[in-house]
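Chains as they are written, first to last, in the numbering used here: chain A, 1 to 133; chain B, 1001 to 1642.
Hints may be right or wrong, so weigh each one.
Unchecked claim - Have a look at the derived ranges for each label pair, beta carbon to beta carbon: (1) Q1423(B) x L114(A): 22 to 30 Å; (2) D35(A) x G1575(B): 16 to 24 Å; (3) A1611(B) x A109(A): 14 to 22 Å.
Hints listed in this document are in silico derivations from the structure and should not be mistaken for laboratory results. Every residue gets a Cβ at the ideal spot worked out from N, C-alpha and C, and that includes glycine.
If you want the building blocks of each chain, they are given just below.
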Amino acid sequence: MKNRRRATVACAALAAGILVGATLSAQQGQTVAGDAARGKPLFADTFNCYACHGFDAQSGERRLVPLNYTQEGFITFVQSSPLPNMPAFPDASPQQLADIYAYIRTIPADAPALGDVPLLREILERKARVAAE
Amino acid sequence: MAKRVDSTSAGSVDRRKFLKGAAAGAAGAASAIAGTASAQQGAPASTRPVTRPTEADARADFVPPEPRPGAQFIRHPGSDYMVDVLKALDFDYVAVNPGSAFEGLHESLINHGGNRKPEILTVLHEEAGAAMAHGYAKAAGKPMMTLMHGTVGLLHASMGLFHAWCDRVPVFAIVGQPRNPTSVINRPHSAQDMGSIVRDFMKMDDEPTNLDVFANIAMRAYTIGLTPPRGPTLLVVDSELQEAPIPDPAKLTVPRLSMPSMPQGDSGAVKEAARLLASAERPLIRTGKLARTSAGWDRLLELAELLQTPVDVGGYGSWQDFPSWHALYGSGGADYRPDVILGLEINDMTPSVRGVRATGGKTISICSEYLSQGHNIHDFGNYSEVDVAIAADGEATLPSLIEEIRKQSPSSAARVRSARGAQIAAAHKAIRESEIDAARYGWNSGPVSVPRMVAELGRQIQNDDWAIVSGHQFTGQWQRRLLNHDKFYRYNGDSGGFGIGYDTPASVGGALAHREHGRLPIAIVGDGDFNFVGAGALWTAAHHKIPLLVIVHNNRAYHAEVMLVQRTASRRGRGNDMVDIGNVIRDPAPDYAKIAQGYGVYAEGPITDPAALAPALERALARVRAGEPALLDVISQPRGPT
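Bound-form chain B, shown alone (with noise of 0.2 Å):
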């Protein structure tokens, strides 16, 4: 062990070096004030020159990093071992907004690590890089990591692991913990229990005392935050213990992933539901956040089809699960009372009980919220009075529930619901057609309908492998109703927490999981929520070179909440002229094309004209096609029809 440097002395020290320096830069400063205030009443100037600082003052200026124990050569530091276990997990990325809470995880993974396996990928914000995370774990289906600083930059990313939290996905994310912080600086960045800032939103979090238990808590870590329900997780890792050489390196072992199978349902309950199912004459399937991977996209639809019953895809909030241009994608039209109604990881499932009770149907729910420990955050719904409740995951049970349906099924059920099948055809047949009715009006208003913007889109891409990474929240159904979401990656859902920030940084996340399949990918994105950290996460896309189209839905304004607050008024009768305080973004409009230059993204706008967005598209996606990101500030009404 090297002899510790006393901290104290060698503060001071540097302190009365910095004061002393200080104080004859004040003295010149003082000086030049005084000459400039002689100069203008025509009196002599000072004699004394104000001269720039020596190197050797800039060098005793400079407050050299905190000494740490054994500030010596070290061969094999901590994080180097962390670093081995990181790679265990089969990372491909880390999003990093540099810290010094973390500097030796940092170097190792770039010089130890060589910065492949996770690869570094700057951030601007740790909101934007948790978001990034969380975009990427559901394109790619597999977890990403993100690095911060400890205390402060676990504040600015705790919105984005709450979205993650929310939307039930997993994102590995480490912070940084200063030990023993002997610095003004970092006093405020250790913290007594720092999981505790966010654990009302995380699966589970610890701090590691040890290496060994390092890698006991990272491998536990992954291994819970994949299982269902999802969740994001966090290591709080010690400077300390990142820091200090190993003790015996060959003692140290990697452990080996075992990841656990997914939660399967009951099977006696998995029959009790087949037993409802295959004997309904009206069965429905609601899914909420149910296709982690493309094997439940293509068991939901098996299942589909082989009952011949229509698929409600949830709507904020849920993911795509089914093809929207199915013939069974929808709710069955306005004359289909279900019988049965099937809930695919549906955390609440009131209205459907709701719905069937009155006329004696059945619900069945499949959800692995029943597995939930329980939190803080209100977002696991009702308690509902379903009829067959399995605590499972939804997509590991699918198979042994449409095996279980094949068999309890009679040999007249092909020729009965093959007639159900082609009355719910064509019921959503004509829902469609009213559906692009509808998409005429305002077809060549300016600014942009919200339909008009999506058509034109589809017709751009119709041709490529695309993915639409952003959420729809604020584009209705139409991203749905206008683009054939055929495959599983598609579309990449919402937030979860419905908060505003997500859409673009998450975006970002999404393209770059993409990017490795030669996919394109798109992005609409609210023109509020790109003020957040949506800016920034662009910087990321152009250093990354990660293809992405932004499309700012620029109705400058937060238009939702006009409404709210405009209802308000008129409950107390105090007149609605005023209501756009405080919910519009404009004088001056901000220019978001000029904004993305500045990042170094190609970007044009603001378009308001209809004719014009076309030819934008074109010239954008190109760049998208080459390899790089790109932005289109569109002018657009508040909202789409519905």
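Chain A on its own, in the form it takes in the complex (with noise of 0.2 Å):
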């Protein structure tokens, strides 16, 4: 038990050695300019992004559309990803994320309104049915 406690101490400490190295990486506070052009091969080609996020960064797991991120604070968790589903990118320099993060802002949600797509409505109420039953 007592081993465990320490681990998790460590764990602790690992981690937030790895936040505060990533954001000073980032220059924290300060934006970098990106470029969407760059960052469109660097999402699809370079760190292959679009295998888990879909090659509209919105189709996948998980979603990036709309990207809710700060800058900085995109550049930070993808440096270091504490997720199990989400490897950190260590060496992805933050020039680089700042252009992918210019590009996934450049791409327009793809996401109609419920009512414009009356299949997905249809099946929302006839799942409420089906639950009231």
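With the hints as a guide, bring the two chains together.
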């Protein structure tokens, strides 16, 4: 039990260290000028982001459109992701991530309103009817 | 006993003839080459013509089958009796990829058995045969046979048998054993201990030494395979036992099948479980592989509605067990903190124990895995410190558990539970709405999003009696979210072992089981899965006229693996631009429609435009409704949104 607690403390310290380091590398408080044109091949080829997030950054797991991160938060997260299903990319430079960030921000949401997708609306209504039975 | 032909001398005579013919042929070929060379140099061509072999030459080259003891007219071969025994087990189908180690049984199935019950299903790979038997057993509620050649056939089948083992599904497998092989071909197909090749994932295997024992072992294999925890079983059948005449047919009888009842939970433990559930404020049911039959589905529904408790049907590897659009389907919402968790056929309760322990909650596990006799594969999960552990079959124990909960429920229970059910239904309604909201994203994008693919399918089949016969490992939860799994047979489950190659052939097996009920079977399979033994399985569907729609969810890669290599490359600081090497299936991109067409199956694709999907589905489904298989190759996004 003691060992487990020590390990937990060590993990927490390590995670904190990674986060601090990542934040520093992103030069906290400063934004980097991102270039969407450079970001597209970085998204699709260099970092293969599409493999999880979809070719359109919104059809996969997790959805990136709309992107709710600040640029700084995005860079920090990608460089040091603690999530099991999202690898950390410590080698990705702030400039590269700023470019990817800029590219994702240019992708329009392909999410028609529910009222404009009769098929999904029908499914939702049928589901509600079945659940009420 | 007829005089045994000396195989060595017979073989040497044939070999001499063969070599003589070969030498003559080689001489002819050499002459022809020389003639060509001479002609090129402008010299006179050889005058010796190259002649076609005569019928006598061809006959001399033919290597006859290995001589057998008593190679004569046999009125009552042992394999006829074997077929009589197998008929007593009521098999409808047997998957066969032919092999000389079971040619006696093969011939008896056709001529003695009339190719009925079981009927031979010709398969192009033994793995496909085992997977078909696996998928069939889950959809039909009864096992199917698969018949294999010695060692090589068994090795090919081993992956399919492994999946059946991990999925706890009975498959009745027979492998031929060439006894005393004299030919160079059949020596590697014979083994000192044939069953050991797959013993690590078979519930039992045995090699009967005479026909009485064959009958005994066949009955044992059947009953053991179907008793929970269920699994595949293997009979190793000696080729000589198949061929030799039955010494005295009148003395051989076919045993009557006597199936044991399924193991039910100890009455004291069931009472304690009922007490905890009846008095729980926030119970939760979690299921793994519970409903073996529609009765299990019905009883779980009855229990959930009696308690008004959410039912969390597990993810990958779990069976359907509970209707996916029911108000109680789910885990109760983010704010629902269960105080009692009932696990039904979940072989690892550790997350549940961890989840309730901090708040003093209790856990109950009813699981046939406790009855497992141990094996090599680590698929039995962690040991879990549950409060009430019941070693029994979940489905068989549900009736007594429900009865006991009714007895122990106070009169006020109905009102309290009704209020609980309303809260759960409200939480689940919000979840349903958010899931549908997520489905909108990428709706018009090409490649086609997974939710769009499933939703378009749902619209086309809503008036059919459909069944999804593939797993959902690569479509996430979208099948359950967008298709109303309101019947036991709507979803046939995953492979169990999480290996690739199960989905397409197992879907053919599932579709075969649904054919007699006139259901509309559909499979959504990954391109990676299809590339294993899927294409050949389509031929079996075409040949045997098994209606089935196969939608290839074609993301042209093993995308789950891309992320894993990304993670490793990142940890090592080596960059990510190369991680698609070894993971993508393009340059050239396989054309699955053409492949299917080559096997005689109606097919369309590749379909990249979401707007083209509905009409393509309509055309393909018309073929399936008419009784034939069809395939659509849909270029899809790598994964579905969560």
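Checking each numbered hint in turn, tell me which of them this model violates, lowest number first. Hints that this structure does not satisfy do not exist here, as all of them hold.
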